[in-house]
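Residue numbers for the sequence shown, in our numbering: -8 to 245.
Treat each hint with caution, since some may be false.
BS3-like mimics (lysine-lysine), calculated; alpha carbons at most 27 Å apart, straight line [unchecked claim]:
1. K67 / K(-5)
2. K173 / K48
3. K207 / K235
4. K48 / K(-5)
Hints are computed from structural coordinates only; laboratory data are not their basis.
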Amino acid sequence: MVKKIDSIAVNYIDEGEGEIVLLLHGWGANITLYAGIVQVLSQNHRVIALDMPGFGKTSEPPEPWCVDGYVDFVIKFIAAFGLTKFSVVVHSFGGRVFFKMNARENLPFTIEKAVLIDSAGILPKKSFRQKVSLRLYKIGRAVMSTKVLHFLYPDAVDNMRRRRGSADYNSATPTMRATLVKVVNEDLEPFMHLVTCPTLLIWGDLDTATPLSDAKRMEELIPDAGLVVCEGAGHFSFAEQAPKVHAALTAFFA
């Protein structure tokens, strides 16, 4: 299904009946990846999930967005359905959107429960080596961007970016690359204590993108939170340990 929000045609699904669960996906993903979760929850709930701008079948934002840009958009998407209360299930980048949305004042809706699966939001601390590497990269980029060197070596800066950039960064379009840079450099830890609804954290103990230490920190900061650890799973624990995750979701929303 498609719904137009601010001239962006949003691809979404709306399945099941009952109390509403809104699903927000991770960076580089789309709603098809979460079909198992949708199937389980839609047995007793109405599940609404969207491809956020720049992902899946939804077009990119008109300009690079920060997290607040996505929050504004998701709030408008929610308003288009007239929702006044619902729960959320978020994964990775979707957690960033949730934390900042939840922190907004005078929201026209109530978030009743939250499930955070391998959620992003805590800014990793850089080691001394990482700081030095970043500094050298910035110096090198500045030098190779000068008029003469750029003329002699036109691909040098792009090659440097590709060597340093993550898979998500290198595979993204220019707009989404700029968006990714804005998104990942924001620390959302100060907003986590504002999550007052019952919250379930589901995490892979082998997650390297958002390590288990992030989950334990969130469990400390969120007043009413519990943690389920999926042994042997990584950043996509909901797919790697699907039976355990589905059982946890069913129990939490029962």
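To see whether the hints hold, each was checked on the structure:
Among the hinted pairs, K67 with K(-5) is consistent with the structure: their alpha-carbon atoms are about 10 Å apart, no more than 27 Å. The hinted pair formed by K173 and K48 meets the criterion: a straight-line CA distance of about 22 Å does not exceed 27 Å. With a C-alpha separation of about 19 Å, the suggested pair K207 and K235 falls inside the 27 Å cut-off, and the hint holds. Restraint check for K48 and K(-5): the C-alpha separation of about 13 Å stays at or below 27 Å, so the hint holds.
Going through the hint list in order, the structure satisfies each hint without exception.
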